[in-house]
Amino acid sequence: MGISIVVTSGKGGVGKTTTTANISTGLAMLGKKVVAIDADTGLRNLDLHLGLENRIVYNLVDVVEGVCRLKQALIKDKRYENLYLLPTAQTRDKTAVKPEQMEKLVNELKEEFDYIVIDCPAGIEHGFENAVAGADMAVVVTTPEVSAVRDADRIIGKLEAKGLDNHQLIINRIKYEMTKKGEMLNIDDMTDILAIKLLGIVPEDEKIVISTNRGEPVITDEGAKAGQAYKNIVRRITGEEVPFIDFEDENTGFFSALKKFFFKK
Amino acid sequence: MDNITIKGNKNGIIAYINSGTFDEVKKELQNKIENAKDFFSGCDMYIVDKSMNIKDEDYIKLKNEFKNIFNINILGYNSDKIIEGNEKIFTGIYEGRTKFYRSTIRSGQNVNYNGNIVIIGDVNSGAEVTASGNIIVLGVLRGIAHAGLNGNKRAIVAAYKLLPSQLRIADLIARSPDSYDEKPKIPEIARIKDGAIIIEPYLPNKHIW
Ligand SMILES: Nc1ncnc2c1ncn2[C@@H]1O[C@H](COP(=O)(O)OP(=O)(O)OP(=O)(O)O)[C@@H](O)[C@H]1O
Ligand SMILES: [Mg+2]
Chain A
1 MGISIVVTSG KGGVGKTTTT ANISTGLAML GKKVVAIDAD TGLRNLDLHL GLENRIVYNL
61 VDVVEGVCRL KQALIKDKRY ENLYLLPTAQ TRDKTAVKPE QMEKLVNELK EEFDYIVIDC
121 PAGIEHGFEN AVAGADMAVV VTTPEVSAVR DADRIIGKLE AKGLDNHQLI INRIKYEMTK
181 KGEMLNIDDM TDILAIKLLG IVPEDEKIVI STNRGEPVIT DEGAKAGQAY KNIVRRITGE
241 EVPFIDFEDE NTGFFSALKK FFFKK
Chain B
1 MDNITIKGNK NGIIAYINSG TFDEVKKELQ NKIENAKDFF SGCDMYIVDK SMNIKDEDYI
61 KLKNEFKNIF NINILGYNSD KIIEGNEKIF TGIYEGRTKF YRSTIRSGQN VNYNGNIVII
121 GDVNSGAEVT ASGNIIVLGV LRGIAHAGLN GNKRAIVAAY KLLPSQLRIA DLIARSPDSY
181 DEKPKIPEIA RIKDGAIIIE PYLPNKHIW
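Chains A and B are the protein sequences, given in the same order.
For the first sequence, full-length UniProt numbering gives the first residue as 1, with consecutive numbering after it.
For the second sequence, full-length UniProt numbering gives the first residue as 1, with consecutive numbering after it.
Derived from the structure by calculation, the hints contain no laboratory data.
Where a beta carbon is used, it is the ideal one built from N, C-alpha and C, also for glycine.
Keep in mind that a hint or two might mislead.
[As the list claims (entries may be wrong)] Cβ-Cβ distance ranges computed for the label pairs, FRET-style: (1) B:Ile186 / A:Thr191: 20 to 30 Å; (2) A:Asp189 / B:Asp44: 53 to 63 Å; (3) A:Gly12 / B:Pro177: 25 to 35 Å; (4) A:Glu125 / B:Phe22: 16 to 26 Å; (5) A:Glu241 / B:Thr21: 39 to 49 Å.
Produce the entire structure from the sequences given, and follow the hints as far as they go.
This is the structure we're talking about:
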């Protein structure tokens, strides 16, 4: 039986799809059998992040409407043969799928795959309900901004109300310089407010933009700092204890904040 | 199981709803009546619900069901006669009805009780806590707190770290400073003094400011 993970945030544009693409690819790199589901019906992006947009024939909505079988809608990745994408429809809206249908579909996939990673749309409406319906675990993505943290808090409350207590936090787009100068929320502030387990910290990295445009998740780029951060996140998901790395040694402010957090536990 | 308080007076039985969703309230009310069916049979009942959680159609359903099952006549929902006559300002702030929450209240969540509230957790920004009595937070209070909701000016708000975006006690409102430069290092209490909300250390004599 596999594990299903929903990647969610509340606020839009904080890096859910980027995170989904990288976590899925990273788990596949470790030899796991993985399927990434795009639950952002009407605004699909995950296919672009994985560079699979021109292979889509059937999608999630086709599956729930019985137009095709589940197997037919799964697209095999270019690089990793144990990674699949279940894309969604671009021409429909979120109400084309019901939470019960999504739950059934995810449960079916759990029979065959080690990990199911679900890319949740922004917001707290129908699309969110669908994306979390079959999830065993939630990864909550935030950025170091007050508004993103508040939306993450709202989402965590919603997850807890559903009994989805296995939730962990990714802080995306940390900028060392600004954190050091105190111009940005620091990691302690965020973990203090949100009070959930920290899964990882991803730095601001322009390589993400380049790799997204190319359809190659940054985790496949050996030299990228963000790629290294995602690798650690993936290892933590598989249950390994990985210390929180210092990305830039010269940056004492950021490093000490991390260290403090790490030794607190 | 303290969403409801049942009291009797010359008008009949009054069920005060302190908190809870309609389903919770209904179930609890049924249980309470079930335990003393004979006593309640044939009586007149009024429902007082300050938080106005019950929708009209739910009230009518409840009314019909209670007539059929228990032979109880529900005569009014928040009817003025009953409220004016009975529901005084909540006075149990030294000793009285209290509800405990053991979790963090997050953005978008709303906690309300006709009595005192103790929260063992944080109240995050964007969350709201309202009580007719005191509000005590064993954590950080960042959201909005309203104590003494129905008018008790002696109600207090206390928190391990008091950093609310807004505080209300009875009919007074205090807004937070636009930024908290110094975060409190000790628990603090907000209360009304000389017609304004003031904040002071939990034990005023223990710390010299
Ligand atoms: N760590 C990062 N460094 C630099 N750019 C980033 C980083 N993370 C995400 N981005 C950029 O931010 C943008 C939004 O990312 P993404 O599409 O993953 O967000 P999302 O949460 O899925 O958005 P939506 O809510 O619209 O679905 C993208 O252009 C992406 O390249
Ligand atoms: Mg997205």
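Query raised in the report: For this structure, which hints from the list above don't hold up?
Result: No numbers; nothing is violated.
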